[in-house]
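Q: Heads up: the sequence lines are chains A and B, in that order. Positions 1 to 351 (our numbering) are the ones given, in order, by the first sequence. Positions 1001 to 1372 (our numbering) are the ones given, in order, by the second sequence.
Hints were generated in silico from the structure; no laboratory data involved. Do not rely on the hints blindly, as some may be mistaken.
Distance condition first, Cα-Cα at most 25 Å in a straight line; then the derived DMTMM-like pairs of lysine to aspartate or glutamate [as the list claims (entries may be wrong)]:
| id | chain 1 | residue 1 | chain 2 | residue 2 |
| --- | --- | --- | --- | --- |
| 1 | B | K1043 | A | E249 |
| 2 | B | K1123 | A | D153 |
| 3 | B | K1052 | A | E336 |
| 4 | B | K1043 | A | D278 |
| 5 | A | K151 | B | D1130 |
Chain B side only, calculated, beta carbon under 8 Å to chain A, not exhaustive [to be verified]:
| id | residue |
| --- | --- |
| 6 | V1004 |
| 7 | R1008 |
| 8 | P1010 |
| 9 | V1011 |
| 10 | A1012 |
| 11 | A1013 |
| 12 | Y1016 |
| 13 | K1043 |
| 14 | Y1044 |
| 15 | S1104 |
| 16 | A1107 |
| 17 | P1222 |
| 18 | D1338 |
| 19 | R1357 |
| 20 | R1359 |
Yeah, the Cβ is synthetic: ideal placement off N, Cα and C, and Gly gets one too.
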Amino acid sequence: MAEAKSFQLQCPVPRNDGEHVQLAHGGGGRRMHELLEGLLLPSFNSEQLLERHDGATLQIGGTRLAFTTDSYVVKPLFFPGGDIGTLAVNGTVNDLAMCGARPLYLSSAFILEEGFPMESLRRVVESMRITAAESQVQLVTGDTKVVDKGKGDGIFVNTAGIGVVEHSLRISPASVRVGDVVLLSGDVGRHGVAIMATREGLSFETAIDSDCAPLWEPVAALLQAGVEIHCLRDLTRGGLSSGLIEIAETANVRISIDELSVPVREDVGGACEILGLDPLYLANEGRFIAIVPEHDSARALDILSRHTVSSGAVRIGQVSDKPQGMVTMRSRLGTERILDMLSGEQLPRIC
Amino acid sequence: MRFVEEYRDPVAARQYVEAIERAVTRPWTLMEICGGQTHSIVKYGIDELLPKGVTLVHGPGCPVCVTPLELIDKALQIAAHPNVIFCSFGDMLRVPGSAGDLFSVKANGGDVRIVYSPSNAVKIAAQNPDKQVVFFAVGFETTAPANAMSVYQAKQMGLTNYSILVSHVLVPPAMEVILGSPDNRVQGFLAAGHVCTVMGFEEYEPLAKKYKVPIVVTGFEPLDLLQGIYMCVSQLEEGRYEVENQYARAVRREGNRVAQELVGKVFRVVHRKWRGIGEIPRSGLGLAAEFDEFDAETRFGVSGYTAEEDPECISGLVMQGARKPEDCTAYGKRCTPDHPLGAPMVSSEGACAAYYRYRRLREPELVSEERE
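Bound conformation, chain A alone (with noise of 0.2 Å):
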């Protein structure tokens, strides 16, 4: 290392200096964590934000509820398996359940663009109705706000919820214990290509659906069953890496995980190949992590399999101690390396 230290180094340093917010800060990657870090979370100062999860938990007299919002800009509005509608309710929805809450009541908000055809927003609308009667969950209050055109991108949608908790579990990274089972509830990748292939333009001999799903239905089995789950995450913005390397972050644990036993459906593999994209950081949203107890894990196992949206679940790793912070995969080949978190949104490769 010596002689490592005579070479001076003057390369050109870029201006990321976060004078403008760029996409990568809404990536949910290593930017938009700094985001939270250096602005958001020391701003509003709480110690609900603190517990870094999906939504809040709340004591309100005797009763505990779980609050959430989300917003939804995806493009394209509608791709295979869903649309912004389903989205923007199963999201919520999941982030909810994400806190081991029963979703009660949704309030939902529209920004349009002026020149938005009708035709679309019904049936955004018609998808949230209908994807909202899935999950038992009612639309309360809401809120439509129109923009001149060329000042929105057709149609945004904000959803917030509310739930209440009827268990006594600390569902939350911090109950994360060296020992603990890492259970996924399915195969990953799924939405994130559905999105990529129709935002391309490409076709593939079958068509890729987004596994956009509402997750309630296993989480409430589990704490019916007594399961004592420590930890729950959906895999969203991110995908499996960046949940798996937020816990462990802030649980201050290692979660260690072995490649083979994530499942990736063969067609989202073959079009990760042709993309250059890595399955594991790609968008699910039907797809959600189980932090138990190795004594709890079969039987968690066994109840998420007999659930349709979580048939699939594998158990693909375990809680240890060091080194604290970091998530491993242990290859195929049988060699260990970490799991980084992005710094933005996956970028397509030159060659």
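For this one, chain A is given, so just place chain B on it according to the hints.
A: Only chain B this time, still in chain A's reference frame:
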């Protein structure tokens, strides 16, 4: 996944590792040319499976990394133009120029679009006749045919609002620079499979002969790489220096003649500056006279611009195999993919990014546990 899984088979990989162990009697240093190979090696930990004496060093085959600073600056200037739609492969958007990157131009209101193919940029040009559409034509011989085709098509379509900002580079001249260096420690090459699908491997034969160095055209999957390494060390052990083709399922000796003809028609060989390395004579492609109306540098009046790069920047040494990313004092500290100091930390094919993504901060307990 058929035709992919087979090349990642752990049992066959083990057999190749054992074959390499049996073949090797001395230490050897090999260079894989392509950044895609580097990423595969680090991702699967292939270098860790090899016997101790066999060292892999990482080559210059990362198009993002070798694109000179001044060309990034030119791209930033053109992309910031209000009447321009600037199209690029995704990788190039995060590469730092002297002042910012294409993402920051986009954040400031520039119309910067990621495309998967230059033909999409031609399509965008046809759909937006009132805009100037520029494609950032970077890359090695692999991307040259598609980029050439876009210009050829634009000419046929009579498009006057399409141009390309060209920074094509060629592999053999860069190999010659490495081999000719007095500090060279590379004893054998794994040539870049994708480059050779286009160019074939005839042009490597004089190099192998002149420098007495084995060159094995190699693919990108773990078994491709292990087989390529096996073939290369076998040649070294036997005192042979030939060009061999591991990637025979994709590469023919003569390459893709149709693609080569198109490239020869649209482009001509030029001197080219490589980021971190400097100018290499006859090491790149520029537009041929017949197509020079499609040159974005001329169209936007940026051809005279130059930017100074520090000749001591270690990224140049990393790309010539003289240093490993971990030898850099800034690696993983002042230089990360979020705040890159040099291009090899940005690109998905850059050696520094590969090390950072897959094996950053290897704490002692992690390493020792693996060796047990």
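Q: Just to be careful: measuring from the Cβ of A1013 of chain B to every Cβ in chain A, is the smallest value less than 8 Å?
A: 5 Å, holds
Q: Do the numbers back the hint for P1222 of chain B, that is, is its least Cβ distance to chain A under 8 Å?
A: 6 Å, holds
Q: What's the verdict on K1123 of chain B and D153 of chain A, does the C-alpha distance respect the 25 Å limit or exceed it?
A: 22 Å, holds
Q: Let me know if the C-beta of V1011 of chain B comes in closer than 8 Å to any C-beta of chain A, holds or violated.
A: Hint on V1011 of chain B: violated, closest Cβ of chain A at ~10 Å, above 8 Å.
Q: For the hint on A1012 of chain B, just tell me whether its beta-carbon gets within less than 8 Å of chain A.
A: Given a least distance of 10 Å, the restraint on A1012 of chain B is violated.
Q: For the hint on D1338 of chain B, just tell me whether its beta-carbon gets within less than 8 Å of chain A.
A: 5 Å, holds
Q: Mind checking the alpha carbons of K151 of chain A and D1130 of chain B for me, to see if they're no more than 25 Å apart?
A: 21 Å, holds
Q: With a cut-off of 8 Å on the beta carbons, see whether R1359 of chain B makes it to chain A.
A: Status holds, d = 6 Å.
Q: Holds or violated: is the Cβ of V1004 of chain B closer than 8 Å to a Cβ in chain A?
A: Status holds, d = 6 Å.
Q: Does K1043 of chain B meet its interface restraint, that is, does its C-beta lie within less than 8 Å of any C-beta in chain A?
A: Holds, about 7 Å.
Q: Mind checking the CB of P1010 of chain B against every CB in chain A and telling me if the closest is under 8 Å?
A: 5 Å, holds
Q: Would the stated hint for Y1044 of chain B survive a check requiring a Cβ distance to chain A of less than 8 Å?
A: 5 Å, holds
Figure legend: structure checked against the earlier numbered hints; hints not met, in rising order: 9, 10, 12.
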